[in-house]
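> Chain by chain, the residues:
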Amino acid sequence: MSFVSRGFAGRRRKTPPGRLPPGQYDVGDGFPVLSAGPTPRTALASWDFQVQGQVDGVRRWSRTQFQGLPRESVSVDLHCVTSWSKFDTRWEGVSVDTLLADVVTAAEFAVAFSDGGYTTNLPLADLTGGQAWVVDTYDGQPLEPEHGGPARLLVPHLYFWKSAKWVRGLTLTLEDEPGFWETFGYHNYGDPWREQRYAGD
Amino acid sequence: MTDPDEAADRRLDANAAAGPLAELFTVDLTVAVATCAGCGNDAPLAAHLLYADAPALVVRCPNCAGVVLRYASSGSTLRLDLTGARLLTVTLAADGSVGISERQPHRPP
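Chains A and B, in that order, give the protein sequences.
Under this note's numbering, the residue at position 126 of the first sequence is numbered 126, and the numbers go up by one with no gaps.
Numbers in this note's numbering are just positions in the second sequence, counted from 1, shifted up by 1000.
Derived by calculation from the structure, the hints in this document are not laboratory data.
Note that beta-carbon positions come from the ideal geometry of N, C-alpha and C, so glycine has one too.
Among the clues, some could well be false.
Calculated Cβ distances over 12 Å to all of chain B for the following chain A residues [what the hints assert, rightly or not]: (1) Thr15; (2) Arg19; (3) Gln50; (4) Ser62; (5) Asp97; (6) Leu124; (7) Gly130; (8) Pro142; (9) Glu146; (10) Thr171; (11) Tyr198; (12) Ala199.
Label pairs and their in silico Cβ distance ranges [stated by the list, open to error]: (13) Leu1088/B to Arg41/A: 24 to 34 Å; (14) Val1090/B to Ser62/A: 44 to 54 Å; (15) Val1033/B to Thr89/A: 42 to 52 Å; (16) Leu1080/B to Glu175/A: 22 to 32 Å; (17) Glu175/A to Leu1078/B: 23 to 33 Å; (18) Ala43/A to Arg1010/B: 18 to 28 Å; (19) Ser62/A to Ser1073/B: 42 to 52 Å; (20) Thr1091/B to Thr128/A: 37 to 47 Å.
For reference, chain B alone in the conformation it holds in the complex (with noise of 0.2 Å):
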């Protein structure tokens, strides 16, 4: 920890959303693109910023820290809002599985 305010934050890289959005996605979503609805910047969803300690998961743009996605779950209830991203990508290997073997390890910038 170089930097006091990340610290102060407690951001997390979005990998740690992988675990809590499977209850969801049956692909693993952070090595899906999303693009970023409020400046159009593309990034593996692993490389967004995670705010995990509100009352849902809030991950942002690594460019313009805009929401992009906001995911929870309470009891039976899964919710999840994709308003801020405009697009989301995933890749499929030439197997038809989800491009694991593509994925890179990522991080914030």
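This is chain A alone, in the form it adopts within the complex (with noise of 0.2 Å):
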């Protein structure tokens, strides 16, 4: 027995014009929750981020200090290596070019760490350059932890794997190294618009 809801229907919006990478689909109001472990519970109270690695020297936030940091809201597309995108949500947080400002290194790569041991690594550059973010609220409300809460990076020009949930830190490197899914066959720099899904894409 099947229904049609015209009211479920009739609400979605057109997908924006040239916005849906190849390979995507709009996945509207949804957004889903993909998870390769439990979800950690982190007490805020003793939640920090760190720079570490390659750095002149480690640097440390408590979750007070980083809420004192300049914020700054975006609204980004988002797309899954799993083929939905997500357009126009919206974000808050703290900027990695904040976080990297004064960090001396000669570091060209970054694995992003989080707790319960996810890792993904990207290019510097990739980070910087109004390009990243390290976000604690969604739509308004403080982020959830299925969606990565308290906080979770967001490098929105990337495949969604890349924006870490439950993002801890930043481990700067001379040298690649790749995180969970990239160890796993998947693209190591994940481009959507090259639809760049595997290794050899």
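Could you fit the two chains together into a complex? Lean on the hints.
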């Protein structure tokens, strides 16, 4: 038995022209949750964010210090490698440019690391220049654990697995060090517009 | 569903990995005993924890939650990562068949 709900169908707005990468579909109002493990339950009091590795000194912000940093609001499109895209998502947080502002480093790469052991690697150049944030609100509300709260990385120009949930810091590296999905045959860079889903794409 | 965390995680028992893994293995791998490379725990694969809605099947140790096995198929490509499994033990029955008759119902603790 099936019903057609005209109410639901009628609310879907049209996919914005030119903003759907190849092989993707518009998920509309949905926001799928894809988890490779249990959702960490990190107490806010013990949450911190750290920049470490090839740096002139480790930087660490407590939750309170992090919330005192200059904040930015962004509205971006998301593209998940499992082929859903979501348009005009609104987030607020701290630009990675702010976190790296006075860091002296020779590193060209970074590994984002998360509670629960997840990692993902990116060129440092893709985390700077207004392209990446550590966000702690989604759609005006504190970021829910299932979507990566207390905070997640947001790198919207790459497939969404690069936007590590439950992120706790960045390790800057001289050599590229593939992360959780990158060691499992997923593309090392992950540009949705070049459909870089798997190694070799 | 009595545990809201489990419900939220939509975690499955790894019996559900039997179908996909049958693409690659000719034995029913869920009766194999996997030894976790992280903590050394031995458990039948079916008693592991399966996260099936990630980009790949992610099978985790029922003791330490470390990743024991990752498996994915896309198009004509199958990928298997056993980095987290120190050992896989499959017991054959006396007639050489895989010990289906010994199969016990396994549930995550």
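> Please go over all the hints and tell whether each is borne out by the structure.
Quick rundown of the hints versus the structure:
1. With a cut of 12 Å on Cβ distances, Thr15/A stays outside the contact zone with chain B, its closest approach being about 23 Å.
2. A cut-off of 12 Å between C-beta atoms confirms that Arg19/A is not in contact with chain B; the least separation is 22 Å.
3. Its beta-carbon lying about 22 Å from the closest one in chain B, Gln50/A satisfies the requirement of being farther than 12 Å from that chain.
4. Look at Ser62/A: its CB is around 26 Å from the nearest CB on chain B, clear of 12 Å, so calling it non-interface holds up.
5. Against chain B, the non-interface label of Asp97/A holds: every CB pair exceeds 12 Å, the least being about 29 Å.
6. Its beta-carbon lying about 24 Å from the closest one in chain B, Leu124/A satisfies the requirement of being farther than 12 Å from that chain.
7. With 12 Å as the threshold on Cβ separation, the claim that Gly130/A sits away from chain B holds: the shortest Cβ distance comes to roughly 28 Å.
8. The claim that Pro142/A lies off the interface holds: its Cβ sits roughly 16 Å from the closest Cβ of chain B, which is beyond the 12 Å cut-off.
9. A Cβ of chain B approaches the Cβ of Glu146/A within 12 Å, the least distance being about 6 Å, so the stated non-interface status is violated.
10. For Thr171/A, the requirement that its beta carbon stay farther than 12 Å from each beta carbon of chain B is met, with the minimum near 19 Å.
11. Against the 12 Å criterion, Tyr198/A falls within the reach of chain B, whose nearest CB is about 7 Å from its own CB.
12. At roughly 10 Å from the closest C-beta of chain B, the C-beta of Ala199/A falls inside 12 Å, breaking its exclusion from the interface.
13. For Leu1088/B paired with Arg41/A, a C-beta distance near 32 Å keeps the hint of 24 to 34 Å intact.
14. Separation of Val1090/B from Ser62/A is about 50 Å and conforms to the stated range, judged on CB atoms against 44 to 54 Å.
15. Taking the beta carbon of each, Val1033/B and Thr89/A are about 44 Å apart, inside 42 to 52 Å as hinted.
16. Distance hint check: the CB atoms of Leu1080/B and Glu175/A are about 26 Å apart, consistent with the given range 22 to 32 Å.
17. Between Glu175/A and Leu1078/B the beta carbons are some 29 Å apart, a value that agrees with the proposed interval 23 to 33 Å.
18. The hinted window of 18 to 28 Å between Ala43/A and Arg1010/B holds, with their beta carbons roughly 23 Å apart.
19. Remark: the range hint 42 to 52 Å for Ser62/A to Ser1073/B is upheld by a beta-carbon distance near 44 Å.
20. Separated by about 54 Å at the C-beta atoms, Thr1091/B and Thr128/A break the suggested range of 37 to 47 Å.
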